[in-house]
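**Student:** Those protein sequence lines, which keep their order, are chains A and B. Each residue of the first sequence is one higher than the one before, starting from 1 at the first, in the numbering used here. Each residue of the second sequence is one higher than the one before, starting from 1 at the first, in the numbering used here.
Please note that the accuracy of each hint is not assured.
[Claimed, not checked] Computed Cβ-Cβ distance ranges for the label pairs, DEER-style:
(1) B:D41 / A:P267: 29 to 35 Å
(2) A:E218 / B:T113: 16 to 22 Å
(3) B:D41 / A:R270: 32 to 38 Å
(4) B:N174 / A:E70: 49 to 55 Å
(5) B:N174 / A:Y295: 57 to 63 Å
(6) B:T135 / A:T95: 43 to 49 Å
(7) A:G215 / B:S139: 54 to 60 Å
(8) A:Q100 / B:T172: 56 to 62 Å
[To be verified] In silico SDA-like links for lysine to any residue, alpha-carbon gap of 25 Å or less:
(9) A:K237 / B:L86
(10) A:K224 / B:T122
(11) B:K134 / A:E221
(12) A:K237 / B:H196
(13) A:K59 / B:L182
(14) A:K224 / B:I17
(15) B:K236 / B:E98
(16) A:K60 / B:L182
(17) A:K47 / A:E221
(18) A:K224 / B:K236
(19) A:K228 / B:K236
(20) A:K237 / B:R40
(21) A:K54 / B:T184
[As the list claims (entries may be wrong)] If you want the ones that stay clear, here's a sample from chain A, every Cβ over 12 Å from chain B, calculated:
(22) A30
(23) S50
(24) A55
(25) K66
(26) T80
(27) G84
(28) P93
(29) D107
(30) V137
(31) F149
(32) S185
(33) G205
(34) L217
(35) N219
(36) V229
(37) S258
Hints are computed from structural coordinates only; laboratory data are not their basis. For each residue, glycine too, the CB sits at the ideal point set by N, CA and C.
Here's the letter readout for the chains.
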Amino acid sequence: MTKPFNRIGIAGGGTMGVGIAQVALQAGYAVRLFDVQTSLLTEATTKIRSGLQKAVDKKKLTAAEKAQAESHLQTVSEMTWLSGCDLIIEAIPETMALKQELFTALDALLDYGNLDKNAVIVSNTSSLSITAMASMVQHPDRFAGLHFFNPVPLMKLIEIIRGQQTSDETVERLSTFTESIGKTSVIAKDTPGFIVNRVARPFYGEALKILGENGGLENLELAKTIDKVMTQAGGFKMGPFALMDLIGIDVNLAVTQSVYNASFQEPRYRPHPIQQKLVDAKRLGVKSGQGFYEYES
Amino acid sequence: MSTSLKTILFVGETDDIVSQKLRDACKQAKYSLTECWVERDGSAHFSEDTYDVILSTVPGLFEDEFFELDVEKTAQLILAPCDTQLLDEFIGAAEYPEKWVGFSAAGLSIADTAAMELCVPTQEQTYLARDFIKTLGLSSIWVPETPGLILGRVLSMLVKEAASALMENTATPNDIDTAMTLGTNYPMGPLKWADHIGLDKVLDILNHLEEIYRDDRYRPMLLLTQKVMRGELGVKTGQGFYNYEKAALK
């Protein structure tokens, strides 16, 4: 398949940026990873290399392919270097002000003639308005959301989010890009939570409500029972409380709050006090050794 | 087979997959089985007789007529469906409330070996119920008495949310289901699951939750209500969120 883009630019060297860079490199793309912190870039390069090595170990990549992939990675600490890219993926922290700053600067920078005249900019946001971000750029028809899931090398799904003005052509190119990196895309309108983070809300919300009505944090045995029902009766891989612990109770709470606020406080998306209480107590789940369950360090 | 329990009165709903799976489980456990099949929202009628176990997926069995007979007196174990009715509501008229156990077998809609949920008021019935269900080749999990019990309730709300996304044209049915299976590892997409369990069943659970809690949170999505009104109930009618007619004709 002809690649829909020539060079991928990634803004943000955190967990998502690193994962996206790895899969793009693995698929044979040239990648330019940008972050303002050079120390983060060094760390990112190490993580990408070790990710590629894991792929070699799993026989997904030959050693030679890994070497070539690594040679296609450039890390840059000046945003101007992203001008040579025709797909730019934003993966910086989830703050609208920061993102808008980046998009305004990117837009001013991109040479919309020559190589980049068909450049597409996407955001990996899980919760902010694509349409609002698109209004910062000259070509909102070539702006969309491209929502990856963590951990990127493992999760097969990508949500392509259409902003109000995203063109069919842009969606088509992103769809082809998704396929070229071995993933499956779904297309969603720019609505709170898109698909996954919206439809999944009751999985946690109802579980928390049942727990809250039956003793709450004083009755954690019920949390275990609920997880048991969802796995042994429902066939889910993990129950809601174990999953909240894995994702991070604070992370899950933030997503819930985001969907709740973006929908102008639709009541059924309201976060539960139990979540807040655990975050207050710094019981965030696996990463802090305790959440709804206890974990050995 | 349990030594003390030999005869079962099974009451199921026609075309309902959970009813069919439960009946099959009773049959292969080789009990002396009396079957009674009822249309949706129907009442069950049967001749007076003595049964050790009464197992019904139809709430309508347990109406006035039931209590006029001696079946409650002679039964050892009565399993009442708590997907759309609280156990308390059933045993309000009961003379022997200690014999009653609430259950939900919603998981059987997609997996033959799914565990059943039981809510049990007494200690003795706990063991009797658990052992009986074991003879059916199924496991059971004790849950507190909570409306819809657990799986049916969470599932219905997931279906409602998926239907809500569909109604707003956020994504196609296929994309919604793909997103939930690939993005969060659900065993089945919510819309496809609704088609399997029956949209009418999902609507019944949401109505029950809304009624008990008097909370708008549980109101069904218009799309769901309309589909049920039009008879688009899922696999059993050939059309739900997806169409099954072409597959059936093959």
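**Student:** Run every hint past the structure and note whether it holds.
**Tutor:** Results for each hint:
no.: 1; hint: B:D41 / A:P267: 29 to 35 Å; in the structure: holds (30 Å)
no.: 2; hint: A:E218 / B:T113: 16 to 22 Å; in the structure: violated (33 Å)
no.: 3; hint: B:D41 / A:R270: 32 to 38 Å; in the structure: holds (33 Å)
no.: 4; hint: B:N174 / A:E70: 49 to 55 Å; in the structure: violated (37 Å)
no.: 5; hint: B:N174 / A:Y295: 57 to 63 Å; in the structure: violated (37 Å)
no.: 6; hint: B:T135 / A:T95: 43 to 49 Å; in the structure: violated (58 Å)
no.: 7; hint: A:G215 / B:S139: 54 to 60 Å; in the structure: violated (25 Å)
no.: 8; hint: A:Q100 / B:T172: 56 to 62 Å; in the structure: violated (31 Å)
no.: 9; hint: A:K237 / B:L86; in the structure: violated (28 Å)
no.: 10; hint: A:K224 / B:T122; in the structure: holds (22 Å)
no.: 11; hint: B:K134 / A:E221; in the structure: holds (23 Å)
no.: 12; hint: A:K237 / B:H196; in the structure: holds (20 Å)
no.: 13; hint: A:K59 / B:L182; in the structure: holds (22 Å)
no.: 14; hint: A:K224 / B:I17; in the structure: violated (28 Å)
no.: 15; hint: B:K236 / B:E98; in the structure: violated (36 Å)
no.: 16; hint: A:K60 / B:L182; in the structure: holds (20 Å)
no.: 17; hint: A:K47 / A:E221; in the structure: violated (39 Å)
no.: 18; hint: A:K224 / B:K236; in the structure: violated (34 Å)
no.: 19; hint: A:K228 / B:K236; in the structure: violated (29 Å)
no.: 20; hint: A:K237 / B:R40; in the structure: violated (32 Å)
no.: 21; hint: A:K54 / B:T184; in the structure: holds (23 Å)
no.: 22; hint: A30; in the structure: holds (27 Å)
no.: 23; hint: S50; in the structure: holds (25 Å)
no.: 24; hint: A55; in the structure: holds (20 Å)
no.: 25; hint: K66; in the structure: holds (26 Å)
no.: 26; hint: T80; in the structure: holds (35 Å)
no.: 27; hint: G84; in the structure: holds (32 Å)
no.: 28; hint: P93; in the structure: holds (22 Å)
no.: 29; hint: D107; in the structure: holds (27 Å)
no.: 30; hint: V137; in the structure: holds (23 Å)
no.: 31; hint: F149; in the structure: violated (6 Å)
no.: 32; hint: S185; in the structure: violated (9 Å)
no.: 33; hint: G205; in the structure: violated (7 Å)
no.: 34; hint: L217; in the structure: holds (16 Å)
no.: 35; hint: N219; in the structure: violated (9 Å)
no.: 36; hint: V229; in the structure: violated (4 Å)
no.: 37; hint: S258; in the structure: holds (16 Å)
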